[in-house]
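Residues per chain, in single letters:
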Amino acid sequence: MILVKNGTVHFPKGEERNVDILIDGEKIVEIGDNLTAGAQCIDASGCEVFPGFILPATSVGVYNYADLAHTDSDEKSGPVNPDIHVRYSLDPTEVRIQGYERHGITAFGAVPNDSALIAGQTGVYHTSGRTTSEMAVLEDAALKVNFIPSVKRTFASRDMMPMTRMGMASMLRNELKKASLKKADDAGYDPGREVLKRVLDKELPILCNVRERFDIETILEIQKEFGFRLILMGAYQADTLRDKLQKAGVSVLLGDLIDGSFVTYYDADILGLLEMSKKVLTAFANNGSGYEGLLWSAEKAVRNGLKVEQAVDMLSINTAEILGAADKIGSIEAGKYADISIWDGHPLKTYDAHINVCITAGKVWRAEE
Amino acid sequence: MSMLIRDAIIYDMEGSAPFKGDIYIEDGKIKQIGTKLSVRADEVIDADGLTALPGFVDAHSHLGGFNMLNYDECDFNEMTDPVTAGVSAIDGCNVHDKCFMDACKGGVTTMCITPGSGNPVSGLAFIAKTAGKDDIHELVIKNPSALKLAFGMNPIGVYGKKNRMPMTRMGVIKVMRDAFYEAREYMAKKEAAGGDSAKMPDYDAKLEAISLALSHQIPLKIHCEQFDMMTAIELAKEFDCEYTIEHAWGAEFFLPELREGGGAVNYGPVGVPTGYGELTHANIAEVKMLEDEGVHVSIITDSPITMPELIYIQAGEAVRRGLSHESALKMITINPAKTLHVDDRVGSIKVGKDGDIVLFNGVPALDVAAGVEYTIVEGNVVYRRQTGRRLWQKQVTSS
Numbered sequence: 000m001i002l003v004k005n006g007t008v009h010f011p012k013g014e015e016r017n018v019d020i021l022i023d024g025e026k027i028v029e030i031g032d033n034l035t036a037g038a039q040c041i042d043a044s045g046c047e048v049f050p051g052f053i054l055p056a057t058s059v060g061v062y063n064y065a066d067l068a069h070t071d072s073d074e075k076s077g078p079v080n081p082d083i084h085v086r087y088s089l090d091p092t093e094v095r096i097q098g099y100e101r102h103g104i105t106a107f108g109a110v111p112n113d114s115a116l117i118a119g120q121t122g123v124y125h126t127s128g129r130t131t132s133e134m135a136v137l138e139d140a141a142l143k144v145n146f147i148p149s150v151k152r153t154f155a156s157r158d159m160m161p162m163t164r165m166g167m168a169s170m171l172r173n174e175l176k177k178a179s180l181k182k183a184d185d186a187g188y189d190p191g192r193e194v195l196k197r198v199l200d201k202e203l204p205i206l207c208n209v210r211e212r213f214d215i216e217t218i219l220e221i222q223k224e225f226g227f228r229l230i231l232m233g234a235y236q237a238d239t240l241r242d243k244l245q246k247a248g249v250s251v252l253l254g255d256l257i258d259g260s261f262v263t264y265y266d267a268d269i270l271g272l273l274e275m276s277k278k279v280l281t282a283f284a285n286n287g288s289g290y291e292g293l294l295w296s297a298e299k300a301v302r303n304g305l306k307v308e309q310a311v312d313m314l315s316i317n318t319a320e321i322l323g324a325a326d327k328i329g330s331i332e333a334g335k336y337a338d339i340s341i342w343d344g345h346p347l348k349t350y351d352a353h354i355n356v357c358i359t360a361g362k363v364w365r366a367e368e
Numbered sequence: 000m001s002m003l004i005r006d007a008i009i010y011d012m013e014g015s016a017p018f019k020g021d022i023y024i025e026d027g028k029i030k031q032i033g034t035k036l037s038v039r040a041d042e043v044i045d046a047d048g049l050t051a052l053p054g055f056v057d058a059h060s061h062l063g064g065f066n067m068l069n070y071d072e073c074d075f076n077e078m079t080d081p082v083t084a085g086v087s088a089i090d091g092c093n094v095h096d097k098c099f100m101d102a103c104k105g106g107v108t109t110m111c112i113t114p115g116s117g118n119p120v121s122g123l124a125f126i127a128k129t130a131g132k133d134d135i136h137e138l139v140i141k142n143p144s145a146l147k148l149a150f151g152m153n154p155i156g157v158y159g160k161k162n163r164m165p166m167t168r169m170g171v172i173k174v175m176r177d178a179f180y181e182a183r184e185y186m187a188k189k190e191a192a193g194g195d196s197a198k199m200p201d202y203d204a205k206l207e208a209i210s211l212a213l214s215h216q217i218p219l220k221i222h223c224e225q226f227d228m229m230t231a232i233e234l235a236k237e238f239d240c241e242y243t244i245e246h247a248w249g250a251e252f253f254l255p256e257l258r259e260g261g262g263a264v265n266y267g268p269v270g271v272p273t274g275y276g277e278l279t280h281a282n283i284a285e286v287k288m289l290e291d292e293g294v295h296v297s298i299i300t301d302s303p304i305t306m307p308e309l310i311y312i313q314a315g316e317a318v319r320r321g322l323s324h325e326s327a328l329k330m331i332t333i334n335p336a337k338t339l340h341v342d343d344r345v346g347s348i349k350v351g352k353d354g355d356i357v358l359f360n361g362v363p364a365l366d367v368a369a370g371v372e373y374t375i376v377e378g379n380v381v382y383r384r385q386t387g388r389r390l391w392q393k394q395v396t397s398s
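If you're matching them up, the sequences are chains Y and P in order. Residues 0 to 368 (numbering that gives the first Met the number 0) are what the first sequence spells out, left to right. Residues 0 to 398 (numbering that gives the first Met the number 0) are what the second sequence spells out, left to right.
None of these hints come from the bench; they were simulated from the model. Do not rely on the hints blindly, as some may be mistaken.
As a list, the in silico BS3-like pairs of lysine-lysine whose alpha-carbon atoms are at most 25 Å apart [unchecked claim]:
| no. | chain 1 | residue 1 | chain 2 | residue 2 |
| --- | --- | --- | --- | --- |
| 1 | P | 104 | Y | 306 |
| 2 | Y | 348 | P | 104 |
| 3 | P | 160 | Y | 75 |
| 4 | P | 141 | P | 30 |
| 5 | Y | 348 | P | 30 |
| 6 | Y | 177 | Y | 196 |
Start from the sequences and build out the full structure, keeping to the hints where you can.
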């Protein structure tokens, strides 16, 4: 048992209370005043206590940086791979060496990379753990679809479909349509079809990687036809479709807001995206950068006028809701995983705030400095 | 043309404690600094509540030479030969690229813009302002400013695929050393000719460029990380060249050697995933370790690899990891100005220096919410934060 005492604890929607948190094993068991227990005590007096931040979609951990010539995140042998799962490429060591604890990041969404149209299934994992199973928060979180130029570039060079946007849309529709119809022989082994059926049954959302407004418009049209749940990532122009996204119940992973190549070349309107976040469920994201990028995206939003409290939600509870894991992570609540960071100040208010402790599923990390 | 900035909290980076005062700029230069200056100016900025700093100086950038959406269209890596010392970054730099506006938004007013690291001897870097004129040649402070060299995975990755030397680190240093010896012989022949054109060796742009470094006219600007830094220092010593260490990831393991070597370190960028080899130790906490060791350090962005605004975000991250706020600000202003030998013009707010000022609403590298309100280059506002704009009705670009 671990007791976090006397900290200023941050709850969703800006609620702050001076309470104690009791942890048993991997989970939070009680939150209240003046808790005592025969437990290891972490004194958080004068400190700010946050729910573990969540990196919603990254291929770091899946990439295989140990051997850059044989990376593990991009199965681009063909454009359609609904039946592969990111968990088999996820290397706990690669995750561990990132040092996510330094920014209080305790969970992440692992996703395949950007070359295939239907790239594979994603999962949500803790940033600490010996094995993928030990790290798993929610496996089968989403099916990742790439609706971005890298897909057509990949297959055009092989003289294969899809080499155009038309090809991409047509293939995606075709796969979904096939899965929606009865098959002549329904008995055979067809794992991809099972995954797509779960998408059509709204069990598994599509996590769609997009860039421009044009991409989003096409994917919204396909969503209208098939009625799946949709999460957008890399949606640098999503604000231009704010009302449509809200109406369709689409959520958005913003970012990466500090990635100059996309923010600049796609004319991302930070103020517009933040305005959108008032109506559309939105969280910060970064894909492929180091542990710093997530907090830096949130900082940029704060510099552009986002309230600090909302920024914290967009690093934690909003992210958990979008990923479908809000019953397990995303806030400090009895019954959820003990994912907590303790700072000597508020990291979204001052750079002179330093992390002291990060707890990931009950495991305690202390800052070395 | 004159400008008066009134009532700002001034961080002059000349050693003074922050003070409230006015800055008067005339014909591009800072003419007066003081409280309640009684001067008339063509333009007056009420900076009450704002913080004034010297425009940031980024000692390592590739702005205008990389197209980040189409990496094949890169004008800063002439990867046809391992030694392309004779190419100049300024000839590949498109000042009309959108990224230059990002520099203004990030408060960066001076940059050292360098060729990429695809070749061991990559070419010539230059130093320029980021805005104020629309022709890169009119923005130049110094050209060429350094000879760029690159160790490690970048050149090995390029030539390894071609089965050409250098495929290894052993090959990289050999290629560099051979080129330097060739340049030394070239210089000797030129000297022996004693002005007699009949005895002069054939003109060679590549060897001319290396000669600039060998004759102490420009420093070596050496891309290297980890143990490659030791090779870099060995080479610089062998040829008695001034040098700077660029990127310097993993510096914490080579602190005494970096101090004894005497070259300045241009550190960064961080925010990259941790991997193996060169990706193992990108850690902003290293700037503090270097400073504690007595090494002259600056923080770089490598823009557009990262956004120019990362210069002050990384400075903030260094504070988060224990660096003093004062040192963090120095590492993005006066330190790089000194490293680049342009501190007579930029890097601090001082009478006689260029009127390059960035105004923040708050204190950068300390207040997370502090953002750039104005960027001023030589007394001209080149960026002002937009407010009260109409949302939802904008032009959407299509690629």
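Verification of the supplied hints:
1. For the proposed pair residue 104 of chain P and residue 306 of chain Y, the alpha carbon gap of about 21 Å is at most 25 Å, so the pair holds.
2. Taking the CA atoms of residue 348 of chain Y and residue 104 of chain P, the gap is about 21 Å. The hint holds against a cut of 25 Å.
3. A C-alpha spacing of about 21 Å is found between residue 160 of chain P and residue 75 of chain Y, which places the hinted pair at or below 25 Å, so the restraint holds.
4. For the hint pairing residue 141 of chain P with residue 30 of chain P, the CA-to-CA distance comes to about 23 Å; that is within 25 Å, so the pair holds.
5. Note on residue 348 of chain Y and residue 30 of chain P: the hinted pairing is violated, with a Cα-Cα distance of about 36 Å set against a maximum of 25 Å.
6. As the CA atoms of residue 177 of chain Y and residue 196 of chain Y are separated by approximately 10 Å, the hinted pair is consistent with the 25 Å bound.
Comparing the model with each numbered hint stated earlier shows that hint 5 is the single one that does not hold.
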